[in-house]
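Enquirer: Build the complex from these two chains, which are given one at a time in their own frames, with help from the hints.
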Amino acid sequence: GENVEQHPSTLSVQEGDSAVIKCTYSDSASNYFPWYKQELGKGPQLIIDIRSNVGEKKDQRIAVTLNKTAKHFSLHITETQPEDSAVYFCAAPLFQGGNKLTFGGGTRVLVKP
Amino acid sequence: NAGVTQTPKFQVLKTGQSMTLQCAQDMNHNSMYWYRQDPGMGLRLIYYSASEGTTDKGEVPNGYNVSRLNKREFSLRLESAAPSQTSVYFCASSGDAGTGGTEAFFGQGTRLTVV
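Residue numbers (the numbering used here), protein chains in the order written: chain A, 173 to 285; chain B, 5 to 119.
If we strip away everything but chain B, and leave its shape as in the complex, we get (with noise of 0.2 angstroms):
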């Protein structure tokens, strides 16, 4: 049972190169997540998706786009990548909250740099 995959673990990119974070999760969750983690600002939220086919902003949103490709992908672009984007960025996944599934399942991360 993997739970919540993402890729790549470590990624380095120069400012203004695009990429794509992948997320996978084998849960059946409906809801998932990104998140971006900074020293001392705990997970903060960069958008968040309650079912295939929609999409939300979270705290954070300005710089990114997602794609919740069906009910287990959902992937984050970052389109021009800036040095204030160097984060750890985990991906989650979790059941609906009134079902009481509100437990959020973590991937394991991947810390980006921006240079």
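Next up, chain A with everything else stripped away, as it sits in the complex (with noise of 0.2 angstroms):
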């Protein structure tokens, strides 16, 4: 089954200033992305996706980009504010075509007043 890993596992910014977020996957076969947030005391909520037939896909402040060849993908947030504050996580298909997913190890990003 995909292995996906998730870097960094903290990232605390400037509000105001972009935060970062990348994961890696294993399978190449693999052909949706999506990326979660959590919030304290929640379930996590989809905020964005991207299907392996793009390479870039944007809303608003969150953008997320895809490298097949090089088999990871970047989440993107501009012009932070505090209720960014959360956890992310990425997932993919656990299996090839499935509904089931697999996720990263989260990353939990504190943006700073």
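Just so you know, the hints here were simulated from the structure itself, not pulled from any lab data.
It cannot be assumed that every hint is accurate.
Okay, derived cross-link-like pairs now, BS3-like style, lysine-lysine, Cα gap no bigger than 25 angstroms in a straight line [claimed, not checked]:
| hint | chain 1 | residue 1 | chain 2 | residue 2 |
| --- | --- | --- | --- | --- |
| 1 | A | Lys194 | A | Lys284 |
| 2 | B | Lys13 | A | Lys214 |
| 3 | A | Lys209 | B | Lys13 |
| 4 | A | Lys209 | A | Lys229 |
| 5 | A | Lys194 | A | Lys230 |
| 6 | B | Lys75 | A | Lys214 |
| 7 | A | Lys230 | A | Lys243 |
| 8 | A | Lys243 | A | Lys284 |
| 9 | A | Lys243 | A | Lys194 |
Expert: Now the structure itself:
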């Protein structure tokens, strides 16, 4: 099955700066890469996803890039705000073509005012 | 619109006790999942159900059993709880990958402590 690694495990940024989180995956056949945000005491919530037929996707201040050759994908948050403070998880299908996801270890992002 | 509802939110068990975690979704999803979340290890899949009446093991199934009671409900049972099962448990559901509905919707979680 797929294996996903996520870095860094913690990230502290100044409000207004950018934050970047990177994930690598092992299965070159993987075709779906979502990012989830988890606020304290809540379940993870999808914030953006990308499929293998595109290299970049943007939604307001967040963007995801995918490098299929290198087998990595990254989350970019621009103009960070205090409400961006949370734990972020990347994921990929556990097995090719399936619904089951395997997750990275998570990145705790702290945005300092 | 409740989404995915889990009960209970908190539970403390003694080693060897049993309990069932309940989960229900109101989004008419076929697929449901149980994950556990441990510090620094992300979410790991325990069991999965692609449809009513079917279940499949995930990455860490040992010590757990599941029941897909109907399309809405998917329960997780610990027959003999162990301290290693102390964790936060999340239930999730999703639509079918064929329709592009692969987003997983998560419940609020159950924080379980086994002493």
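Enquirer: Taking 25 angstroms as the top limit, are the C-alpha atoms of A/Lys194 and A/Lys284 close enough?
Expert: 21 angstroms, holds
Enquirer: For A/Lys243 and A/Lys194, compute the direct alpha-carbon distance and say whether it is at most 25 angstroms.
Expert: 11 angstroms, holds
Enquirer: For the pair supplied as a hint, A/Lys194 and A/Lys230, confirm whether the alpha-carbon distance does not exceed 25 angstroms.
Expert: 16 angstroms, holds
Enquirer: Hint check: B/Lys75 vs A/Lys214, CA-CA at most 25 angstroms. Holds or violated?
Expert: Measuring from Cα to Cα gives roughly 24 angstroms; hence the hint holds.
Enquirer: Hint check: A/Lys230 vs A/Lys243, CA-CA at most 25 angstroms. Holds or violated?
Expert: 19 angstroms, holds
Enquirer: For the pair we were handed, B/Lys13 and A/Lys214, check the Cα-Cα distance against 25 angstroms.
Expert: Status holds; Cα separation ~11 angstroms.
Enquirer: Is the straight-line distance between the alpha-carbon of A/Lys243 and that of A/Lys284 25 angstroms or less?
Expert: 31 angstroms, violated
Enquirer: Measure nothing beyond the straight line between the CA atoms of A/Lys209 and B/Lys13; if it is 25 angstroms or shorter, mark the hint as holding.
Expert: Holds - the C-alpha atoms of B/Lys13 and A/Lys209 are around 20 angstroms apart, at most 25 angstroms.
Enquirer: Can the restraint linking A/Lys209 and A/Lys229 be considered satisfied, given a maximum Cα separation of 25 angstroms?
Expert: 17 angstroms, holds
In the structure shown, a violation is registered for the earlier hint numbered 8 alone.
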